[in-house]
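Residues per chain, in single letters:
There are 2 protein chains.
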Amino acid sequence: MEEREIQVGLLGLGTVGTGVASIIKHHQETLSHQIGRKIVIKRALVKDKKKVRESWLSNLELTENANDIIEDPSIEAVIEVMGGIEETRLLVERALKEKKHVITANKDLMAEHGSTLLQMANEQKCDLFYEASVAGGIPIIRTISEGLSADKLTKIMGIVNGTTNYMLTKMSANNRTFDDVLLEAQELGYAEADPTADVDGIDAARKMAILSSLAFSSPVQIEDVSVKGIRQVSDVDLAFCQQLGYTMKLIGVAQKDEGQIEVRVEPTLLPNAHPLANVHNEFNAVLVHGEAVGETMFYGPGAGSLPTATAVVSDLVAVMKNMQRRVNGYSYQTPLFQSTFKTEDEIQSQYFIRLHVYDRAGTFAAVTNLFAQHDVSFEKLLQLPLENQTELAEIVLVTHSSSVAIIKKLLIALNQLSAVDKVASYYRVEGGE
Amino acid sequence: MEEREIQVGLLGLGTVGTGVASIIKHHQETLSHQIGRKIVIKRALVKDKKKVRESWLSNLELTENANDIIEDPSIEAVIEVMGGIEETRLLVERALKEKKHVITANKDLMAEHGSTLLQMANEQKCDLFYEASVAGGIPIIRTISEGLSADKLTKIMGIVNGTTNYMLTKMSANNRTFDDVLLEAQELGYAEADPTADVDGIDAARKMAILSSLAFSSPVQIEDVSVKGIRQVSDVDLAFCQQLGYTMKLIGVAQKDEGQIEVRVEPTLLPNAHPLANVHNEFNAVLVHGEAVGETMFYGPGAGSLPTATAVVSDLVAVMKNMQRRVNGYSYQTPLFQSTFKTEDEIQSQYFIRLHVYDRAGTFAAVTNLFAQHDVSFEKLLQLPLENQTELAEIVLVTHSSSVAIIKKLLIALNQLSAVDKVASYYRVEGGE
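Going down the list, the protein sequences come from chains Y and H. Numbering (my numbering) for the first sequence: 1 to 433. Numbering (my numbering) for the second sequence: 1001 to 1433.
These are calculated hints, taken from the structure and not from any lab test. Be aware that a few hints might be false.
[Stated by the list, open to error] Looking from chain H toward chain Y, a few residues come up when the C-beta cut is under 10 Å (computed):
1) Ile1023
2) Ser1217
3) Ala1285
4) Pro1301
5) Ala1311
6) Leu1316
7) Lys1321
8) Gln1333
Just so it is clear, the structure is predicted and the values come from calculations on it, not from any experiment. Just so you know, even glycine gets a beta-carbon here, dropped at the ideal spot from N, CA and C.
Chain Y with its partners taken away, still in its complex shape (with noise of 0.2 Å):
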């Protein structure tokens, strides 16, 4: 065992940070019996030296000077933790080309400039990792990357957002509203102030660029994925999915066929029985499909100080290994196609509809002929009187399967019927057919 420490520099000390703090001092022990050296905090980058801290915290030596740590010839690799884009960017950027290794969570920057920084991380011989970036406590990145590495993947579909996946837990049990509920997660700590990435399917859309950048050796962006979030989605839709045997859930999904490419974000309706319709709270679960392997799901806390701080602490473990057997800055693979997406012709899927209409003879005929007209058959369907709407009815159904394309003509055709007031909502519908 070499008796040398590693020093390394936090680029950040909320809530991961605490946690890869805690991590580095509690688990001291077996970490070092792993990788023979003793792994050292030089210094924690913080925006406020002056703020109350827990106060095992306070041996850590703190600065508010990025330079202290990313100029530091001592520190051998860095911790960011911190967040944010364009700044962190430039900090990971100057401390790689201080040829110091990188570990980040951050699924923003990785989402946006992660091939980039991968490819930078290679020429300077630097490893540049980021399991926590994606699903928290739940080492998926790996397991794509190097479980499964034998496997040709067709399919990665999961709950990769735990704000998202409380919120909606809650409103299909209680039979809550959107807004109630996320007011209850912002008091919890579950949802930020600003809930705009959570709710909106944003950060769900980065991680799912990741996944699928990975998954398929094909680059995935952000503007690739096709985004909707959980804003609309209403008590009531809640209560027909429930009539109907679903669960509703935002999930992404990465599907590539012969070549093409789709990645998706947006609250879709499972069978209950469905293995991500029994994910609840925050936890979240990514279900791989591959041609060998078949399909396999990895089950875990997404978010979380020592959760996540547990991915950041794995990857500094596998950076020293490399540093020992001295390979480090490998991550990179340039992708080995290039990605085609498919369009909305040729993505099919089963749809949720509800629909409110006028009560009155021959809707039901106009309603059902238009269906006909553009070739979608029914699984499912109800209608049912619409409450306190004396003039109107609600139908609600399910599809069989059809193509985006048709599906959205179809939509706009509905909401021109004259027996139509208008399309109430929609969903996609998985794991039916």
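Following the hints, complete the assembly by docking chain H onto the known chain Y.
Same frame as chain Y, now just chain H:
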């Protein structure tokens, strides 16, 4: 990219061996993209060269003499998928002495001789990888040793034998007997002609020895695992499970509290909502608890030609990446801890107990008094008349947590009680308290 091929030798061309050949054939493009070299199976060891095989295997050079592989200097890695222990151990040792890397799917070999073989590989600067030996397509070895390397693992709990999970699923769903379902499993190829290793829990115990050695960095031998198989599980037991809201599974548990370890495999009752209760048929799943990460679960096919071969070939990719970087032979880690095992006094569990008692005044009081004397209390209790037995009744109960030693004393005392005909069955209950 190096233009050179890597030549590998296959020891065995059964179910898994054929899967390995298939993956190497069909995924060659993505494989060589990752490792910069083409994989060629130079030769495969078989028992009978003349046996009729699928036509796509006809290009493969076969031999009945292991020396043609072990002594061929052009073969750099050996894939052992022949099974068996002693003869195979000699071949693996000889391959390592010839400086060939070894990938094995053999849990029997690894449970019995893993520690010695891993040390030998380390001395020879060779890799010895064995991802496929536990839970087929689930990369659980890599997850424990790398993905969660920063954490202190406290508990591994899993369904790691597909045969018995298939059998218990069918027995539970259709109220069928052990013998009936075993016959079907044998016809479908899920169970061997001699099903002993599976149904008596030995296969699962070997896998738990492998997982717990790794997870706790402590040597665990097969003899250290307490094992009970599923032969004595009756349709009556399963019917009561159902009635009480439990699912019976053959569960492996490895647990470490304050330095003390318990490893066991036995049919166990789980509350229906428990994640492992919903793992059906031949699927495997492993729950991993870590101090920092909390609870994670990994689910997938536990056996089968292609899933297991995925793990084997992913290991081969890891070997080849290491070859590229010239860092083979680091897979062995000296255990950090000596193993101290819990005694039955120190192990706490809930129990399901089913009694046949004489249906007369005072019986119930005598039985419950005996429980009270042993300081064991109930969570649930049923008394029912016993079918086709006018003199006897059945008492079924679930205790609160108690030490295993006390429960065993209580079971002996119950058998001696004049009010009791016999203890018909008893099982541990997990995840209830």
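Hints, one by one, checked against the model:
1. Ile1023: 6 Å, holds
2. Ser1217: This hint holds: H/Ser1217 lies near chain Y, its Cβ roughly 7 Å from the closest one there, short of 10 Å.
3. Ala1285: Because about 8 Å separates H/Ala1285 from the closest Cβ in chain Y, which is inside the 10 Å limit, the hint holds.
4. Pro1301: With a minimum Cβ separation of about 5 Å from chain Y (threshold 10 Å), the hint on H/Pro1301 holds.
5. Ala1311: With a minimum Cβ separation of about 8 Å from chain Y (threshold 10 Å), the hint on H/Ala1311 holds.
6. Leu1316: 7 Å, holds
7. Lys1321: 7 Å, holds
8. Gln1333: 7 Å, holds
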